[in-house]
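Chains A and B, in that order, are what the protein sequence lines are. Heads up: the first sequence begins at 1 in our numbering, then just goes up one per residue. Heads up: the second sequence begins at 1 in our numbering, then just goes up one per residue.
Since the hints were derived computationally from the structure, they do not count as laboratory data. Treat each hint with caution, since some may be false.
[To be verified] Chain A is faced by these chain B residues, among others (derived, beta-carbon under 7 Å):
| hint | residue |
| --- | --- |
| 1 | GLY42 |
| 2 | LEU45 |
| 3 | GLY63 |
| 4 | PHE90 |
| 5 | ASP101 |
| 6 | THR102 |
| 7 | PHE105 |
| 8 | GLY106 |
Where a beta carbon is used, it is the ideal one built from N, C-alpha and C, also for glycine.
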Amino acid sequence: EDQVTQSPEALRLQEGESSSLNCSYTVSGLRGLFWYRQDPGKGPEFLFTLYSAGEEKEKERLKATLTKKESFLHITAPKPEDSATYLCAVSGTSGSRLTFGEGTQLTVNP
Amino acid sequence: NAGVTQTPKFQVLKTGQSMTLQCAQDMNHNSMYWYRQDPGMGLRLIYYSASEGTTDKGEVPNGYNVSRLNKREFSLRLESAAPSQTSVYFCASRPDRVSTDTQYFGPGTRLTVL
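Put together the whole structure using the sequences plus the hints.
See below:
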């Protein structure tokens with residue numbers, strides 16, 4: 001059974017204070033690891049898909065990396081508008097179904 | 001493109017009432033999904049449809065039925081609502097490219113069962 005664990009559950013940062021969110025996973029044959037952003041009262045918004053260990057992707061202040069056991073979402077010099085819940089998910093050889101973690105709630109104070 | 005749309009946005013039901021949640025996508029995707037999101041539980045798959053005319057159970061299908069009306073629309077029905085079905089429901093769809101499992105989500109329906 002695929003499993004995803006995200007840490008920390010919640011993270012408070014000051015504007016400009018860089019940090020990382022962690023996503024640990026176990027999956028039979030990784031097909032993809034996904035990062036989403038979710039704002040309060042909204043649906044998850046797609047950020048990145050990573051397919052193999054060593055892969056990295058960037059978007060503005062966000063950078064996602066992948067190893068064989070975990071993924072990190074690095075946030076460089078965050079701004080208050082980066083405040084959201086960040087969700088991690090995986091798909092394995094069982095098919096295209098996604099298994100989600102519980103998310104990390106990020107708050108960036110001005 | 002509107003992407004994935006869901007109706008209604010909010011709904012309050014009494015125990016035992018029935019209702020249908022509607023989902024439509026305009027991206028010409030074959031695969032569509034229904035999830036529920038509860039505090040401390042993350043997103044859990046209820047049902048999915050790999051193509052028009054096919055549906056399969058996910059992790060938490062009990063108490064729900066689905067209909068893939070056509071390629072665009074995928075509805076979720078609660079026949080006899082229970083308080084345990086109070087949740088936020090999300091619909092998603094996936095492009096048909098073999099190389100990706102990336103799903104795109106709608107804005108959600110917030111359901112309260114009293």
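Comparing the hints with the structure gives:
1. GLY42: holds, 4 Å
2. LEU45: Since chain A brings a Cβ to about 6 Å from LEU45(B), closer than 7 Å, the hint holds.
3. GLY63: violated, 20 Å
4. PHE90: OK, holds: PHE90(B) within 7 Å of chain A, min 5 Å.
5. ASP101: Check passed: Cβ of ASP101(B) comes within 4 Å of chain A, closer than 7 Å.
6. THR102: The hint holds - THR102(B) has a Cβ within 7 Å of chain A, the shortest such distance being about 5 Å.
7. PHE105: holds, 4 Å
8. GLY106: Where the cut-off is 7 Å and the nearest Cβ of chain A is about 5 Å from GLY106(B), the hint holds.
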